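Chain order of the listed sequences is A and B. Counting in the working numbering, the first sequence runs from 1 upward without gaps. Counting in the working numbering, the second sequence runs from 1001 upward without gaps.
To be clear, the hints were calculated from the coordinates, so they are not data collected in a lab. Keep in mind that the hints are not guaranteed to be accurate.
Derived lysine-lysine pairs resembling BS3-like cross-links, with alpha carbons at most 30 Å apart [said to hold, decoys possible]:
#1 B/K1261 with B/K1297
#2 B/K1357 with B/K1326
#3 A/K221 with B/K1075
#4 A/K233 with B/K1357
#5 B/K1200 with A/K221
#6 B/K1342 with B/K1326
#7 A/K94 with B/K1261
#8 B/K1075 with A/K94
On a predicted model such as this, the values are computed, not experimentally measured, just so you know.
One letter stands for each residue in the lines below.
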Amino acid sequence: MSAPTDHNAGQDAGPRPSQELTPGPQSGGPEVTEVRHGAFGVHGSGDTSGFGGLTRLAQIPGSSGRPYGGWHDAVVDALVEDLAGEGLTEAIEKVVVDREELTLFIRRQDLVAVARFLRDDQDLRFELSLGVNGVHYPQDRGRELHAVYHLMSVTHDRRIIRLEVTAPDEDPHIPSLFDLYPTQDWHERETYDMFGIVFDGHPDLTRILMPTDWIGHPQRKDYPLGGVDVQFKGASTPPPDQRRSYS
Amino acid sequence: MTSLDEATEEFVAFGGDWDEIAQELARRKEERVVVNMGPQHPSTHGVLRLVLELDGETVRETRVALGFLHTGIEKTMEYRTWAQGSALATRMDYVASIMNEAAYCFAVEKLAGITDRIPPRAQVIRVLMMELARVSSHLVCLGSAGNELGGTTLMTIAFREREQVLRFFEMVTGQRMNNAYFRPGGVSQDLPPEALGWLKGVYRSMVRGMDDFDNMVMVNPIWKARTLGIGVLNLSACMALGITGPMVRAAGLPLDLRKDKPYCGYENYDFEICTTDTADVYGRYLVRSNEMRESMKIIAQCVDKLEAMGEGPVMIEDPAIAWPAKLEIGPDGQGQSHEHVKEIMATSMESLIHHFKLVTEGFRVPAGQAFHAIEHAKGVYGVHVVSDGGTRPYRVHMREPSYNNLQSMSALCDGGTISDVVVCLASIDPVMGGVDR
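Bound conformation, chain A alone (with noise of 0.2 Å):
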């Protein structure tokens, strides 16, 4: 087994993402979103197996072009109809159709009129709100936090869609749904208590799973683990979060 010294190496040296790769949202084609480089985690120390020439491009799908297949035309036809007539023409930031999912990036302050047009119109009827999710993407610079949201129809074929909406680290607002889908209540609260993502008219926005005096928001990437060392004859095993993993 290796020195703690180089789990904590493998964290600090070598070559990290470099940020200039990623592409604007406009992009058509695969968005790059980290170059990693090597196979076992460990950067800046003598290469014997070869394995650190490896390179390797994470790509999450672009921005998908028409037709998008199957239904979502439709619902984005409607969408895009209905946006027009408030004059929200730019309210769709890209839509993403990859493993027959739907996804339509939503421009936060649009988002509680996307929402109650999904709702309401008759051609689209998302009726069933399946909550809120984050994402922490550290990467991402001042697109950090993801909100994903995913809606059922009830009317329509039980379709299901997903809105995501972004939002900096250092402004880490979007707008509640709960008016529009009550249900989003508890959602809003964990994501909040996870994420510290702050849904603006929220009526009681407080932390639900965690203790209320809790410090910190545990499921960004940022957040510590706080895992104690193990220790087996004179070697430490550090917490998951600083062993060394695969890259």
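Following the hints, position chain B against chain A.
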């Protein structure tokens, strides 16, 4: 012996918003009493805390406090491989643990794009196990509800039949609960040869046990008096609160993802969606009771299918994903297959490398996100998985039906009597392991 001093010792309840609520009531000079129910209370279904504002016998306000069983499973998953996630997901809703791991595995398979390559035998075994889990979960719900209304016999009947399910689980997976039997790509091992015969042997007695239960309960005047018209939540309230599962089907909406968006081959089975329109506690138990019989129908079809299809793989035939280790009970009582150990330790270096790589490093899932919803015993169970292309999940989130449905507590209880609080709570059927995760 307890001395008089100890017996009369005073205990003071602190913590949370308790003081504020009590002071606020004192200030308003209303004759309301605040009662703290839980987190340790035999009928709060685990560690749930209810703060009830009472006006005599009438509940004026219900507040729900959660988090006593929060174990950070979603966070832990981010530091374990994709395959290990199954063993974590199963610990969420421990009464229907098979279903949690099922939903997790379906989501990972969707993300990895291997849904169509799961062997048919694995799919049938999965349906069989999921339906048994549904029966088991509904039996716990009905039995403990009966117990809370004073009918301990109802609990013993329900738990007696549930025991058969757990025995079958133990026979197949090695564990009664927390099975970690479903893995991304299939199931961990095939059914043992005696399993189906054993299940057929207890099948009739299980159905008879359900009949026993129904005969004691569904026409029982006391049961009816306690449940009919209690805890009414109509369809529009259900939609607003995102309520799914037996609660929304008791309100008349046939929302059942097994029929609506079939997964895992549910379109190949003959069963009905059970609904009723009473929207009350009675209706919810009626729906669950009928649903168990529909599940038994599906189980019988699974047994027929499995016997008809014969032997076959139960794990995807992709060496980059399929778990290499074979499991069997060895002479030492441990689960490693002797043949497999012999192969990797003595005959094939390549097998050893492959085994080591897959077990320690795991497989990679292409970057992106996927959402898969299944019809859990408690409602729509959605799993949102995000991958950054690595060997571990970037983020996993469970949309837990118990968590969501528990939001309806004040809608169900406010304005009712305190004796109905437990009845309403039991009709939601929350499992705190799933609620708090």
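Hints, verified against the model:
no.	hint	result
1	B/K1261 with B/K1297	holds, 20 Å
2	B/K1357 with B/K1326	holds, 16 Å
3	A/K221 with B/K1075	holds, 10 Å
4	A/K233 with B/K1357	holds, 26 Å
5	B/K1200 with A/K221	violated, 49 Å
6	B/K1342 with B/K1326	holds, 12 Å
7	A/K94 with B/K1261	holds, 26 Å
8	B/K1075 with A/K94	holds, 29 Å
Hint check: a violation occurs at hint 5 only; the rest are consistent with the structure.
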